[in-house]
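What follows is each chain in one-letter form.
2 protein chains.
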Amino acid sequence: MTTPRTLTVPEALARLRWRRRFDPTRPVPNGTLKGILHLATLVPSQDNLQPWRFMVVRDDANRRRLRKCVYDRAEVEDAPVTVIVLGYRSPHRSHLGAILDREQALGTMTVEEAVEVRAKATARMDRCADPAAWSRLTAVRALTALMIAAESLGVSTALVEEVDHDRLIEAFGIPADHSLCGLVALGYPACDEPFPGRLGLADLCYQEHFGRPWTLGEASPDDVCAGP
Amino acid sequence: MTTPRTLTVPEALARLRWRRRFDPTRPVPNGTLKGILHLATLVPSQDNLQPWRFMVVRDDANRRRLRKCVYDRAEVEDAPVTVIVLGYRSPHRSHLGAILDREQALGTMTVEEAVEVRAKATARMDRCADPAAWSRLTAVRALTALMIAAESLGVSTALVEEVDHDRLIEAFGIPADHSLCGLVALGYPACDEPFPGRLGLADLCYQEHFGRPWTLGEASPDDVCAGP
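Protein chains in written order, with the working numbering: chain A, 3 to 230; chain B, 3 to 230.
A portion of the hints provided could be inaccurate.
If chains are identical, the list can't say which one is meant, so a pair holds when it fits in one copy or spans any two.
[Claimed, not checked] Within a straight-line C-alpha distance of at most 25 Å, the following computed SDA-like cross-link-like pairs (lysine to any residue) qualify: (1) Lys-122 <-> Pro-198; (2) Lys-70 <-> Glu-172; (3) Lys-122 <-> Thr-110; (4) Lys-122 <-> Glu-164; (5) Lys-122 <-> Ala-134; (6) Lys-70 <-> Ala-178; (7) Lys-70 <-> Arg-28.
Quick caveat, the hints were computed from the structure, so don't treat them as lab data.
Next comes chain A alone, as it looks inside the complex (with noise of 0.2 Å):
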């Protein structure tokens, strides 16, 4: 088998599908899984403070631990590999140092920088309403990212929105200052997937103030496409 291309973003969102049913004796390479979660890994979050978190359940057992936990939804039996996304409430308490260094050790940022932001973070991070909906909101960027680079790398994707919480903090000991934001199952699909077609332009957007019609029309492939 070659190695597929690398796809574009829009060849990647138009092939991206809510998968159903996967192939279960197809594994997801390390490297290409080491892959996807780094590029999920590249979505710019508020003072870079990265409050996601990833748990990678491909353990048969855990496969079979997970199922129960969503309902006995199949898809994270039969798919290789299932990405936990977790929001962090508290990255400014634990990692800001980690991450101010690297960012001095790059040269983006001064030592004197490094302290004038540390107090800002911590400032707008306590002044969070609710810290555990902004982790889980930011964490969701991660986790769309990783559904999109997955598509790109030739690997599929199911979402798993219905879970049982308590058996999955339970089950996989997830502390009390991560929420969950999302499953992600990864794997290859055992068949086709047709694309079920989204609502246009007209009925999604709005110009200026809600309610305000959209007149500029819908797009063509002229306007996804930059060509090469």
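Given chain A, work out where chain B should sit, using these hints.
What follows is chain B alone, placed relative to chain A:
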């Protein structure tokens, strides 16, 4: 100026930055804007409900008005476009019929399947504990795709997370069944923004169980690009 090449997913993610400064003299062409919005709509959602809505603000007076809703952040005035991304909690009431009609027209669903999906989708929404939170978390996936799609077409983005909600709702007429998911300013950067680095996979990943160290190592360039 030649049309730039559409970027691959790894390229777009590597170039994604949280921009601070936009060139206010350089508009985003209509075609590019439509392409970006269209690509954002391609992410999957539960029962294909697509609970994201985009309010596109480009008018000078409205960009100034928007700036007042985000504690005077200049990005939303300097950038030629800001998209206010909303989560909509009732798509199963207002849009499910149109969504299922489209699926039948595409041939991906029979009449009988549409009846079944309608019942299941409605039941799922009815038992959803917090539809507003669900719509916001889902809409973040479209917001993230929008950012990555913009970057792939050569357009940079800035997120604005600190928002005076009451003021925004009032100024832009956002109704109670729509919740703010986030603001994305779109435009061309006024200056370079260096990559600030990220924590490594060893800091962000666990294996099989929370707290169990990641032993698969970091990604190498071969892992993130399948090659030509």
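Ascending list of hint numbers which this structure does not respect: As far as the earlier hints go, not one is violated by this structure.
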